[in-house]
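Work out the full structure: start from the sequences and follow the hints.
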Amino acid sequence: MSKAHVYKRDHINTDEIIPARYLNTDNEQELARHCLEDLDAQFVKKVRPGDFIVGGDDFGCGSSREHAVWSIRGAKVAAVIAGSFARIFYRNAINCGFLVVELPGAAERIADGDELEIDAKNGKLVDRTRGKTLDFTPLPDFALRIIEDGGLLAHITKK
Amino acid sequence: MGMTITEKILAGHSGRQSVRPGQLINARLDVIMCHDVTTPAAITMLREKGLDRVFDREKIVVTPDHFQPAKDVASAELHQRLDTWCRQHGIRYYYPLGRAGVCHALLPEQGHIRPGEVIVGGDSHTCTYGAFGAFSTGVGSTDLAAALATGETWFRVPESMKFVLHGRLPHGVYSKDVILAVIGRIGTDGARYRAMEFVGPALHEMSMEARMTITNMVIEAGGKNGIMAVDEVTRAYLEEHLKDRREYTVYESDADAGYAAVEEFDCSALEPMAALPHLPSNGKPIGAVAGLKMDQCYIGSCTNGRIEDLRIAASILKGRKAAIRTIVVPATPTVWKQAMDEGLFEIFYQAGCVISAPTCGACLGGFMGILAAGEKCVSTTNRNFVGRMGSPKSEVYLASPATAAASAIEGKLADPRKYL
Chain S
1 MSKAHVYKRD HINTDEIIPA RYLNTDNEQE LARHCLEDLD AQFVKKVRPG DFIVGGDDFG
61 CGSSREHAVW SIRGAKVAAV IAGSFARIFY RNAINCGFLV VELPGAAERI ADGDELEIDA
121 KNGKLVDRTR GKTLDFTPLP DFALRIIEDG GLLAHITKK
Chain Y
1 MGMTITEKIL AGHSGRQSVR PGQLINARLD VIMCHDVTTP AAITMLREKG LDRVFDREKI
61 VVTPDHFQPA KDVASAELHQ RLDTWCRQHG IRYYYPLGRA GVCHALLPEQ GHIRPGEVIV
121 GGDSHTCTYG AFGAFSTGVG STDLAAALAT GETWFRVPES MKFVLHGRLP HGVYSKDVIL
181 AVIGRIGTDG ARYRAMEFVG PALHEMSMEA RMTITNMVIE AGGKNGIMAV DEVTRAYLEE
241 HLKDRREYTV YESDADAGYA AVEEFDCSAL EPMAALPHLP SNGKPIGAVA GLKMDQCYIG
301 SCTNGRIEDL RIAASILKGR KAAIRTIVVP ATPTVWKQAM DEGLFEIFYQ AGCVISAPTC
361 GACLGGFMGI LAAGEKCVST TNRNFVGRMG SPKSEVYLAS PATAAASAIE GKLADPRKYL
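Protein sequences, first through last, are from chains S and Y.
Last residue of the first sequence? That's 159 in this note's numbering, and every number before it is there in order.
Last residue of the second sequence? That's 420 in this note's numbering, and every number before it is there in order.
Derived from the structure by calculation, the hints contain no laboratory data.
Beta carbons: idealized from backbone N, C-alpha and C, even for Gly.
Take these hints with a grain of salt, some might be off.
What the hints assert, rightly or not - Chain S side only, calculated, beta carbon under 10 Å to chain Y, not exhaustive: (1) Asp15; (2) Arg21; (3) Thr25; (4) Gln29; (5) Ala32; (6) Asp38; (7) Gly62; (8) Arg65; (9) Glu148; (10) Leu152.
As the list claims (entries may be wrong) - Using 25 Å as the maximum straight-line C-alpha spacing, the simulated SDA-like pairs for lysine to any residue come out as follows: (11) S:Lys159 with Y:Thr150; (12) Y:Lys71 with S:Thr133; (13) Y:Lys49 with S:Thr133; (14) Y:Lys71 with S:Lys8; (15) S:Lys8 with Y:Lys293; (16) S:Lys3 with S:Glu30; (17) S:Lys3 with S:Phe43; (18) S:Lys8 with Y:Arg325; (19) Y:Lys337 with Y:Arg185; (20) Y:Lys284 with Y:Glu209; (21) Y:Lys49 with S:Thr157; (22) S:Lys158 with Y:Lys337; (23) S:Lys159 with Y:Leu51; (24) S:Lys159 with Y:Arg156; (25) Y:Lys293 with Y:Lys418; (26) S:Lys8 with S:Thr133; (27) Y:Lys71 with S:Glu30; (28) S:Lys8 with S:His34; (29) S:Lys158 with Y:Arg156; (30) Y:Lys293 with Y:Arg325; (31) Y:Lys71 with S:Glu37.
This is the structure we're talking about:
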């Protein structure tokens, strides 16, 4: 089952997600090895494919480096769920075909290790561990279509 | 209801008479800024999708600046990919080593920024150019790739917030202190998704360089863009620097334009500020934090690495010695030469500072001044996040060039006013 890695922190920024000392590459697998390194050095050892990162408000603030999304995607994380997102990170995620879920109070409502399932289209997040369903506002249709197509460039070339 | 400058520019670039906040539009782009960290990936994406083209080779400005000169093999390869692509597509405005500079200082200086235009760049501090009455914002590599190929990008029209800068800046207080006060009041997400429009008498007295320090840091409050109306100071700067002499479009916000919030600041009451770790919103008046021991001083970056910044720092360091490692990074080759010609290098040398080539360098923890665990750096840069300039156990204190220089002399956070 896919588990939540919860960080009860606002303003988790791009420097913590992927520090600039690794920005001399855009290789996703290399970036994945350092995902969240300056926030939680143990994260890459704990994370399993399909897991979720859960954070507070303003997740991804700071730099425009898409490397932040690539490192998370490269670590095989299925989605980031946060109270709110910084603008550029949010846009980068959609452009990369990576799911982001805005859920007010996410870091308080979900506990570390909870098993989650997400229905992106209908805005339902099922917490299997606690046996409850949390509703969120789904992404707008055009954003969901970009994600379904595998990112902005795939979406453009398909059109 | 009337429109703000931001709304007027976006309407004009999407073939509309008017736009409203929240509306999704497709905007025509006038300038695209590219550098060595985010553009090589964009180039690769375009190749992989069979879109290896540029919409206009004269509207793309490229400078490798983050790891300039290349700091290792991997960054040399980023530069190589960028260089090959620029030559292949005949990019007209390509500034490689020797002409390369910190992008947000270089583009205005080289006359690429014009009022009324829409600019995107693969860097979050692209918001700097809003000081010239342009709409300008940072994007990631995928948006950049699509923009390079098509010359367009989509935006959600942002709500605007107005910041009224009343009064007059006291001696020893600078535009850096103003923006740290603004971010301190509204927080690092206080303007998330919004346009931050600056007006007021204190603004009109500022040079373009000082104004750019303010728009540079709107992203640290989550802003989508920062914007300032064109005035005589803007026109004089453009007269001296503009590459393209075509007439530019000057927009002004209507008296009945809508603002999500209006924040008023009495600049006469401001003091020199230092933003404590680990958020740019942790600004404190210098009196509250003076005396805190530092290990390094860094004077440079797209926020405060222009000639005016180096002059301020030099005026304080003149005839004095830095008590800690002090690194001076002129932001562009022109700034470097001006600083040398004006004798600032001599002052920095005598004070025991080192002068680097133009680069983003240690501002983002790249190289040229990385911090060890436990070290503290007073820095004229824009971010003090965990690990920003090196070890995740190091600390960054953001301040003006004056406060940084005074702190270098004392080896601890210091009030610059006693040295002026």
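How the hints compare with the structure:
The interface hint given for Asp15 of chain S holds, since its Cβ lies 4 Å from the closest Cβ of chain Y, which is under the 10 Å cut-off. With a least beta-carbon distance of about 6 Å to chain Y, the hint placing Arg21 of chain S at the interface is held under the 10 Å criterion. A cut of 10 Å between beta carbons decides the hint on Thr25 of chain S: the least distance to chain Y is about 5 Å, and the hint holds. With a cut of 10 Å, the hint placing Gln29 of chain S at the interface with chain Y is violated, because the nearest CB-to-CB distance is about 14 Å.
The criterion of a C-beta within 10 Å of any C-beta in chain Y is not met by Ala32 of chain S, whose closest approach is roughly 15 Å, and the hint is violated. For the restraint placing Asp38 of chain S at the interface with chain Y, the shortest Cβ-Cβ distance is roughly 4 Å, inside the 10 Å limit, so the hint holds. Of the supplied interface hints, the one on Gly62 of chain S holds, with its beta-carbon coming within about 6 Å of a beta-carbon of chain Y, less than 10 Å. A least Cβ separation of about 7 Å between Arg65 of chain S and chain Y falls short of the 10 Å threshold, and the interface hint therefore holds.
A least Cβ separation of about 16 Å between Glu148 of chain S and chain Y goes past the 10 Å threshold, and the interface hint is therefore violated. Interface restraint check for Leu152 of chain S: the shortest CB-CB distance to chain Y comes to about 5 Å, inside 10 Å, so the restraint holds. At most 25 Å may separate the alpha-carbon atoms for a hinted pair to count; Lys159 of chain S and Thr150 of chain Y meet this at roughly 13 Å. Under the criterion of a C-alpha separation no larger than 25 Å, the hint pairing Lys71 of chain Y with Thr133 of chain S is inconsistent with the structure, at around 50 Å.
Only pairs whose Cα atoms come within 25 Å are accepted, and Lys49 of chain Y paired with Thr133 of chain S is rejected, the gap being roughly 39 Å. Between the alpha carbons of Lys71 of chain Y and Lys8 of chain S the distance comes to roughly 36 Å, so the proposed pair goes past 25 Å and is violated. Distance hint between Lys8 of chain S and Lys293 of chain Y is unfulfilled; the C-alpha atoms sit about 31 Å from each other, more than 25 Å. For the given pair, Lys3 of chain S sits about 23 Å from Glu30 of chain S by alpha-carbon distance, which is consistent with the 25 Å threshold.
Taken as a hint, the Lys3 of chain S and Phe43 of chain S pair is honoured in the structure, with Cα atoms around 12 Å apart against an allowance of 25 Å. As the CA atoms of Lys8 of chain S and Arg325 of chain Y are separated by approximately 36 Å, the hinted pair breaks the 25 Å bound. The hinted pair formed by Lys337 of chain Y and Arg185 of chain Y fails the criterion: a straight-line CA distance of about 38 Å is larger than 25 Å. Simply put, Lys284 of chain Y and Glu209 of chain Y have alpha-carbon atoms about 23 Å apart, close enough for the 25 Å limit, and the pair holds.
Restraint check: the Cα-Cα separation between Lys49 of chain Y and Thr157 of chain S comes to about 7 Å, which is no more than 25 Å; the hinted pair holds. A distance of roughly 50 Å separates the Cα atoms of Lys158 of chain S and Lys337 of chain Y; the hinted pair therefore is violated under the 25 Å criterion. A distance of roughly 13 Å separates the Cα atoms of Lys159 of chain S and Leu51 of chain Y; the hinted pair therefore holds under the 25 Å criterion. Between Lys159 of chain S and Arg156 of chain Y, the direct Cα distance comes to roughly 21 Å. Compliance with the 25 Å bound is thereby established for this hinted pair.
About 18 Å separates the Cα atoms of Lys293 of chain Y and Lys418 of chain Y, which keeps this hinted pair within 25 Å; it holds. With a CA separation close to 20 Å, the supplied pair Lys8 of chain S and Thr133 of chain S stays within the 25 Å bound. With a CA separation close to 18 Å, the supplied pair Lys71 of chain Y and Glu30 of chain S stays within the 25 Å bound. Distance check on the hinted pair: Lys8 of chain S and His34 of chain S sit about 20 Å apart at the alpha-carbon level, within 25 Å; holds.
Taking the CA atoms of Lys158 of chain S and Arg156 of chain Y, the gap is about 23 Å. The hint holds against a cut of 25 Å. Of the supplied pair hints, the one linking Lys293 of chain Y and Arg325 of chain Y holds, its CA atoms being roughly 13 Å apart against a limit of 25 Å. About 22 Å separates the Cα atoms of Lys71 of chain Y and Glu37 of chain S, which keeps this hinted pair within 25 Å; it holds.
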